[in-house]
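Engineer: This is what each chain is made of:
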Amino acid sequence: AQSVAQPEDQVNVAEGNPLTVKCTYSVSGNPYLFWYVQYPNRGLQFLLKYITGDNLVKGSYGFEAEFNKSQTSFHLKKPSALVSDSALYFCAVPSGSARQLTFGSGTQLTVLP
Amino acid sequence: NAGVMQNPRHLVRRRGQEARLRCSPMKGHSHVYWYRQLPEEGLKFMVYLQKENIIDESGMPKERFSAEFPKEGPSILRIQQVVRGDSAAYFCATAKPGQGRGTEAFFGQGTRLTVV
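Chains F and V, in that order, are what the protein sequence lines are.
Here the first sequence is numbered in our numbering, starting from 647 and rising by one per residue.
Here the second sequence is numbered in our numbering, starting from 2 and rising by one per residue.
Hint data in this document are derived by calculation from the structure and do not stem from the laboratory.
A few of these clues could be false.
[To be verified] DSBU-like mimics (lysine-lysine), calculated; alpha carbons at most 35 Å apart, straight line:
1) F:Lys723 x V:Lys52
2) F:Lys704 x V:Lys97
3) F:Lys668 x F:Lys715
4) V:Lys28 x F:Lys723
5) V:Lys63 x V:Lys28
6) V:Lys45 x V:Lys28
7) V:Lys45 x V:Lys72
8) V:Lys52 x V:Lys63
9) F:Lys668 x F:Lys723
10) F:Lys704 x V:Lys28
11) F:Lys695 x F:Lys668
12) F:Lys723 x V:Lys63
13) V:Lys28 x V:Lys97
14) V:Lys52 x V:Lys97
15) V:Lys63 x F:Lys715
16) F:Lys704 x V:Lys63
17) V:Lys28 x V:Lys52
18) V:Lys72 x V:Lys28
19) V:Lys52 x V:Lys72
20) F:Lys668 x V:Lys72
21) F:Lys715 x V:Lys97
22) V:Lys63 x V:Lys45
23) F:Lys668 x V:Lys97
24) F:Lys723 x V:Lys97
25) V:Lys45 x F:Lys704
26) V:Lys97 x F:Lys695
27) V:Lys45 x F:Lys668
28) F:Lys704 x F:Lys668
29) F:Lys715 x V:Lys45
30) F:Lys723 x F:Lys704
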């Protein structure tokens, strides 16, 4: 079964510092990996995805993610955090014949001013 | 191009009542996925529909829950005889047909159901 894991429930970082939100995956075959962000009382917004090719994927709002096959990881990163980046972040992998997404448990990112 | 529209945004039901949640896909999207987000948990897949067909309902509770996506109109997630444990945020996501596994789905803003 395809799955992802987010080992940290909560990440705190000071504004202006780099941030990392961790995700590891367990998939069979070529991995397709996604990051979504959820702001309070809102739906999920797509940030970026990895399909194939470059291991460093650039996405929306200055976010990027590094695909690491040997460590089976797909960590989300941003060089300089903003207070407005504070939100709930989910990594996800398509699974099943219906391509439905299996989500990680989510990581609450808080950027402190 | 309007995004995925869900209504109502908030729904309060008494135990035993019925809840009907609606999802209108983005233009050109004929694939609809419903997910449930329980408090303090991630999103869990419930059901996948295409126009007039349920394709995969493996995540749907066997009783009281049903979904449809008629030829005309929005997709409906229906919960009969609601119980307190049904309180959650329900999200739909839509996608274009014929896309591969690497295609992102677009989410609505969700319906927050509260059962009192």
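Engineer: Hints first: check each against the structure and report whether it holds.
Structural biologist: Each hint, compared with the structure:
| no. | hint | verdict |
| --- | --- | --- |
| 1 | F:Lys723 x V:Lys52 | violated, 38 Å |
| 2 | F:Lys704 x V:Lys97 | holds, 23 Å |
| 3 | F:Lys668 x F:Lys715 | holds, 14 Å |
| 4 | V:Lys28 x F:Lys723 | holds, 32 Å |
| 5 | V:Lys63 x V:Lys28 | holds, 31 Å |
| 6 | V:Lys45 x V:Lys28 | holds, 25 Å |
| 7 | V:Lys45 x V:Lys72 | holds, 26 Å |
| 8 | V:Lys52 x V:Lys63 | holds, 22 Å |
| 9 | F:Lys668 x F:Lys723 | holds, 9 Å |
| 10 | F:Lys704 x V:Lys28 | holds, 27 Å |
| 11 | F:Lys695 x F:Lys668 | holds, 15 Å |
| 12 | F:Lys723 x V:Lys63 | violated, 40 Å |
| 13 | V:Lys28 x V:Lys97 | holds, 9 Å |
| 14 | V:Lys52 x V:Lys97 | holds, 12 Å |
| 15 | V:Lys63 x F:Lys715 | violated, 38 Å |
| 16 | F:Lys704 x V:Lys63 | violated, 41 Å |
| 17 | V:Lys28 x V:Lys52 | holds, 13 Å |
| 18 | V:Lys72 x V:Lys28 | holds, 14 Å |
| 19 | V:Lys52 x V:Lys72 | holds, 6 Å |
| 20 | F:Lys668 x V:Lys72 | violated, 41 Å |
| 21 | F:Lys715 x V:Lys97 | holds, 29 Å |
| 22 | V:Lys63 x V:Lys45 | holds, 15 Å |
| 23 | F:Lys668 x V:Lys97 | holds, 29 Å |
| 24 | F:Lys723 x V:Lys97 | holds, 29 Å |
| 25 | V:Lys45 x F:Lys704 | holds, 27 Å |
| 26 | V:Lys97 x F:Lys695 | holds, 17 Å |
| 27 | V:Lys45 x F:Lys668 | holds, 20 Å |
| 28 | F:Lys704 x F:Lys668 | holds, 16 Å |
| 29 | F:Lys715 x V:Lys45 | holds, 26 Å |
| 30 | F:Lys723 x F:Lys704 | holds, 10 Å |
Against the hints set out earlier in the document, violations occur for numbers 1, 12, 15, 16 and 20.
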